[in-house]
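Residue numbers (our numbering), protein chains in the order written: chain A, 1009 to 1717; chain B, 1009 to 1717.
Keep in mind that a hint or two might mislead.
Since the list can't tell identical chains apart, any single copy or any two copies may satisfy a pair.
[What the hints assert, rightly or not] Derived pair list, reagent style SDA-like, types lysine to any residue, alpha-carbon separation capped at 25 Å:
id	residue 1	residue 2
1	Lys1521	Val1391
2	Lys1482	Ser1120
3	Lys1228	Ile1497
4	Lys1399	Thr1533
5	Lys1127	Leu1468
6	Lys1196	His1269
7	Lys1521	Thr1222
8	Lys1119	Ile1292
9	Lys1225	Phe1513
10	Lys1583	Asp1594
11	Lys1228	Val1522
12	Lys1181	Ala1257
13	Lys1521	Leu1397
14	Lys1399	Tyr1520
15	Lys1119	Met1173
16	Lys1521	Trp1232
17	Lys1521	Gly1235
18	Lys1228	Leu1500
19	Lys1228	Thr1514
Please keep in mind that the hints were generated in silico from the structure rather than gathered at the bench.
Number of protein chains: 2
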Amino acid sequence: MEENFVPFGGIKNDLRGRLMCYKQDWTGGLKAGFRILAPTTYIFFASAIPVISFGEQLERDTDGLLTAVQTLASTALCGIIHSVIGGQPLLILGVAEPTVLMYTFMFNFAKSRPDLGSKLFLAWTGWVCVWTALLLILLAILGACSIINKFTRIAGELFGMLIAMLFMQEAIKGLVNEFRIPERENPKLAEFQSSWRFGNGMFALVLSFGLLLTALKSRKARSWQYGSGWLRGIIADYGVPLMVLVWTAVSYIPSSGDIPHGIPRRLFSPNPWSQGAYQNWTVIKDMLNVPVIYIIGAFIPATMMAVLYYFDHSVASQLAQQKEFNLRKPPSFHYDLLLLGFLVIFCGLLGIPPANGVIPQSPMHTKSLATLKHQLMRNRLVVAARKCLSKNESLEQVYGTMQEAYQHMQTPLVYQEPSTIGRLKELKESTTIEFVENEIDNILPVEVKEQRVSNLLQSLMVGGCVAAMPLIKKIPTSVLWGYFAFMAIESLPGNQFWERVLLVFTAPSRRYKVLEEFHATFVETVPFRTIAMFTLFQAVYLLICFGITWIPIAGVLFPLMIMLLVPVRQYLLPKFFKGAHLQDLDAAEFEEVPAIPLYLENEEEMSSSASFGKSREILDEVITRSRGEIKRIYSPKVHSRSSTPSKDFSSFHSPGSDSIYSPRIGELRGGQSPRHFVRGLSNEGGRISNLGRNSQSSDKFYGRSQSAL
Amino acid sequence: MEENFVPFGGIKNDLRGRLMCYKQDWTGGLKAGFRILAPTTYIFFASAIPVISFGEQLERDTDGLLTAVQTLASTALCGIIHSVIGGQPLLILGVAEPTVLMYTFMFNFAKSRPDLGSKLFLAWTGWVCVWTALLLILLAILGACSIINKFTRIAGELFGMLIAMLFMQEAIKGLVNEFRIPERENPKLAEFQSSWRFGNGMFALVLSFGLLLTALKSRKARSWQYGSGWLRGIIADYGVPLMVLVWTAVSYIPSSGDIPHGIPRRLFSPNPWSQGAYQNWTVIKDMLNVPVIYIIGAFIPATMMAVLYYFDHSVASQLAQQKEFNLRKPPSFHYDLLLLGFLVIFCGLLGIPPANGVIPQSPMHTKSLATLKHQLMRNRLVVAARKCLSKNESLEQVYGTMQEAYQHMQTPLVYQEPSTIGRLKELKESTTIEFVENEIDNILPVEVKEQRVSNLLQSLMVGGCVAAMPLIKKIPTSVLWGYFAFMAIESLPGNQFWERVLLVFTAPSRRYKVLEEFHATFVETVPFRTIAMFTLFQAVYLLICFGITWIPIAGVLFPLMIMLLVPVRQYLLPKFFKGAHLQDLDAAEFEEVPAIPLYLENEEEMSSSASFGKSREILDEVITRSRGEIKRIYSPKVHSRSSTPSKDFSSFHSPGSDSIYSPRIGELRGGQSPRHFVRGLSNEGGRISNLGRNSQSSDKFYGRSQSAL
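Could you build all of it, start to finish, from the sequences and the hints given here?
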């Protein structure tokens, strides 16, 4: 695979790819029905709460020039635009911490200059945004995102871990501050007496740990043993927002007595309908008043912001499209960067801080949509199985019917053998629908409901937050800190770096347990010592990056450290690790794999009929289970069979496949995206990546299907 | 089975039985080595902490006449005596809540009488104790404990649940009071200002929930995936005491600042070396100063106390010897009640409140000893397996050797087929010691290390607490409340009433999961509706009992409500439920099952060699797993085979078996104790109590062993 540096080449490719599925992006989302609300609210909270918190931070640091109203508005506007005309709708946009740090730095600079001052600050940032946007547009046109494929798993996951650490740090800092007198507050207020501060801090501990623990528990509600399936489904889907409400309610319990009004501390946000709130929306008028020297000088922070946005946006997009999700629609790195350029200008002229692709919200979005798709597929299969069982058919027949139903839903992969669903675990004489239902979770591969509706809806809801400010103010800040910790923890499962850290700390006698569950290939192919060394290297690198974020302003540029990983990975690491091991640990080989045709019409049909299925509980553990790699669509036997995949599968090209989709995995996915969609296919020598009953059952199945052919 | 009301008959029987194994009680315990310290410290904390807390309560209610020093001294003295010359060494003695309530009532009565007053209060209680003791001794001689076998599972478990509820109530009450000004304290102190009270309450929430959650987690440390086996073993064994230390340390973190000395509130206990503390040890001198009318009148509270102690002591003993523990040594209800009588006199003359058998500590003691025994057996089997594997023997041979090693340890059951250990799950070509080690936990039956050392040591440690009072005072009261909640929760698993409540709330589609794990017979034999109705009845009865404890003084007599269950069970319940269902739900049939010979020497040998085995982690989940009945020693096939057990096994009588042990299960266990040791053996019609892989693997095994014979 060569990098595509032809000007506009990448953008054209992206546009072509996404336009092909643009209509399906909407119809597919709409036909999922009310169920789309579960991922939507989940992501809405994950998106809105940090943005509000960063807005509060910005308010303190810019003397109230920019507030949560502005950060929310920017997130909502950019989100709406991106979800409608953006490329990859899985990507979530928001005002992120680095942006806040940049704006704080620029505010301090502007305030110190008498010919700029805080009055012209927003106008000046308008110019910074203009320069940033020009640089981003240039990068997009020149195909700079092709470089993103040099960012292998090691870089993406290190970045993900770093963000998790920063979120956790934010949570801890916030909690510690609950014991202190807040800056810029009157320390003589009753609630800032040492006694009340002590009480406030302890109450904050109760509220934040309460939120954290209950939110984590509620996410696993589907696999609870108690309560009706309907209730468990609701809790798993809406538990996190619900817990924010519950703990906000709890925070009002003690306020009946003689406790001062300020305990517990709550969000402080301005009234969006006040006079001052409109002030900065007319920044464009002041922009020409900025002295020329500053207009030119704005180029310096602009380069930093461009590097930051280029990196953040692309990596967030990349993490939202990891190969374990088995995405079917093409990526859109180049076009999305171009659009980001325009969004930055737009925000700059409005005087609001720009939004860019955010971690961990973007991968969280994809995960929650995978759960949704799983539910939809499950419904369809259960309906099929129920029909069979009512006719008293054997398990063999039930399985056949389910396979057929699955194939019907999965036309895109119909010609490719490995896309069959797994095998029902055991043939039992008396099959019940309960048994089949519970097995379905094990046999369904991970797929994602790729559409634009959830992203648009969540952006609209973020916009609604501006209006709902008086309600949002009721949330205690301590609930916020708990939520930050929750997000940090939620982002860990599925991150192989994290999985490896856990593996290193796993007792040697318990390592077999890792093998029994779904796990990444490296667990079996790479010696433990090598895994440990590689993980240690990554951990040290992570700590260095984390240390850099503490350096006052250079800290904003920690993405450069991540970029430095590219040469480190390419030239330094191969000196210490074997190539094959590095490939498995880092997933950094680039093979071309032929196309898998995609029939959009059939997928649509599937969603529409599936949405009529009865609402059933599922084990979303399968998708977001807390250890091991996310379940693979490719069954182990395939690994050994297809060591030369391009030949094996060349005959499977569908005559109806479009030219875009034909070379999609090979050129678009494998090319423009840094991920390796079907890496497993080219593994040499028949590795089995799922030991235990799964490999056995699929062995059985393939043995049988071959003899049947 | 007929009841044994021959005077002294029961006591003689008990004495004969326990004397037979008296030497082994000591040697077996001593030979377990340092490992005995794990259950010892576990029970020491479970025993000491409530006793200290009840002592504090008593101090408030008796104007400081009786304090934690007295309750600790009573618990220690009675514990030491019972563990040395008592019958059943699994039984833990302690000053319990009902005793505290009785003493409070008697103090209020004495204070209101001018010719008695608080000065003669202790002398008067001495008389109450004398009467109580006489009644208890009479009950013991007349064999009243035979009636205890009328207390079926329904009564014992209802009582256990009630105690759990009372402990939980204590925890909640305690926590709520942390927000209030304590009685008999100076409300003008800084720490009782509303601001500090708020902070104190919130801090208490943090400490108590911290202790509760970490203690519960630490008990499961053996099955953690992370950390070395050695560390996990330590945490599982000593985690609960460790957590008390950790959270006590945490409580000192904020005290560096300007926080008043009294936050968080800590235990208030008198100095045991002060002058006043010796005052009541000379009560015996005052006893003759008590007016005769009061000496006679003391008979009224004495009857209440006798009923209470008779019931509490016997039920605690019964719950410590439930049939799932597969105990090998005989019970000793009659003799223990006799001894309790003498202990009550002893305490009465010393002027300290008497101790009796306590729940949930006694069953907790047995459970922790089952874990210990499991570890010892495991070591032995692992050593045997390791030897085989080093010779490259097949799994079949390994299993044979392990079976032999087990038989060697289990000579008492050598002639009885069902006493074989389970079957290794799957035959794998390459067997590793890790695989075998992990399987061992699944194949070992539950057995208990029955000895006297742990009980003696924990009593001595409780005695040591009196000296260590200055250290104990450092524990925050909030940690105590967390510990109460912990004990309540720890006592629930294994309680079938609780399991049934959970089953009722289990989603219908998840009920198969209950069947996949170890579970009680009723799950399969009784219709769900009947289970639900029976559980509802029990729950309503429980709530009535709980309500009665709230009635000021009559509340002490809630055991009468439990006694009322005997006629209810015998005459009322059969009108609503089918006999067979009741039998399964309540385990109330009385069959005679022939003897199982017991060779003490061999068991000793086992312990001594096992204690040399390497310390290995085990999954004590098997023993204390949180759902389902505790694992059965009898494998499913046996149920169907031995529908007429007395005939089947009559030929298995060992010539070397002692007359005591010969009819042990039939007469002693099945007779004097209300439990049904091998009830499973007489089930009709081949029920299989463990579905899923366990039944399959044992099916396989029996199929094979039959053909081999």
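Going through the hints against the structure:
Taking identical chains as interchangeable, the C-alpha atoms of Lys1521 and Val1391 lie at most 25 Å apart only when they sit on different chains, with a minimum of 22 Å there against 34 Å within one chain. Neither within a single protomer nor between protomers do Lys1482 and Ser1120 lie at most 25 Å apart by alpha-carbon distance, with minima of 36 Å and 55 Å respectively. For a Cα distance limit of 25 Å, the shortest separation of Lys1228 from Ile1497 qualifies both inside one copy, at 14 Å, and across copies, at 22 Å. Taking identical chains as interchangeable, the C-alpha atoms of Lys1399 and Thr1533 are never at most 25 Å apart, the minima being 46 Å within one chain and 28 Å between chains.
Proximity of Lys1127 and Leu1468 under a CA criterion of 25 Å is satisfied in neither setting, with 31 Å inside one chain copy and 77 Å between copies. In this assembly of identical chains, Lys1196 and His1269 lie within 25 Å of each other by CA distance both inside one copy and across copies; the values are 14 Å within and 24 Å between. Proximity of Lys1521 and Thr1222 under a CA criterion of 25 Å is satisfied inter-copy only: 24 Å between copies versus 27 Å inside one chain copy. In this homomeric assembly, Lys1119 and Ile1292 come within 25 Å of each other (Cα to Cα) only inside a single copy, at 19 Å, whereas the closest approach across copies is 87 Å.
When the C-alpha separation of Lys1225 and Phe1513 is checked against a cutoff of 25 Å, the pair qualifies both within a copy, at 24 Å, and between copies, at 18 Å. Proximity of Lys1583 and Asp1594 under a CA criterion of 25 Å is satisfied intra-copy only: 15 Å inside one chain copy versus 70 Å between copies. In this assembly of identical chains, Lys1228 and Val1522 lie within 25 Å of each other by CA distance both inside one copy and across copies; the values are 20 Å within and 19 Å between. Taking the shortest alpha-carbon separations for Lys1181 and Ala1257, both the intra-copy value of 24 Å and the inter-copy value of 22 Å come in at or below 25 Å.
Taking the closest pair of Cα atoms, Lys1521 and Leu1397 come within 25 Å of each other only across two copies (21 Å); inside a single copy the shortest separation is 35 Å, beyond that limit. Proximity of Lys1399 and Tyr1520 under a CA criterion of 25 Å is satisfied inter-copy only: 23 Å between copies versus 42 Å inside one chain copy. When the C-alpha separation of Lys1119 and Met1173 is checked against a cutoff of 25 Å, the pair qualifies neither within a copy, at 31 Å, nor between copies, at 64 Å. In the homo-oligomer, the alpha carbons of Lys1521 and Trp1232 lie at most 25 Å apart both inside one protomer (22 Å) and across protomers (11 Å), since each shortest distance falls under that limit.
With identical chains, the CA atoms of Lys1521 and Gly1235 are at most 25 Å apart between copies only, with a shortest distance of 14 Å across copies and 29 Å within one. Taking CA atoms no more than 25 Å apart as the test, Lys1228 paired with Leu1500 passes in both settings, with 15 Å inside one copy and 23 Å between copies. Taking the shortest Cα distances, Lys1228 and Thr1514 sit within 25 Å of each other both inside one copy (23 Å) and across copies (16 Å).
Hints 2, 4, 5, 15, counting from the list given before, are not met by this structure.
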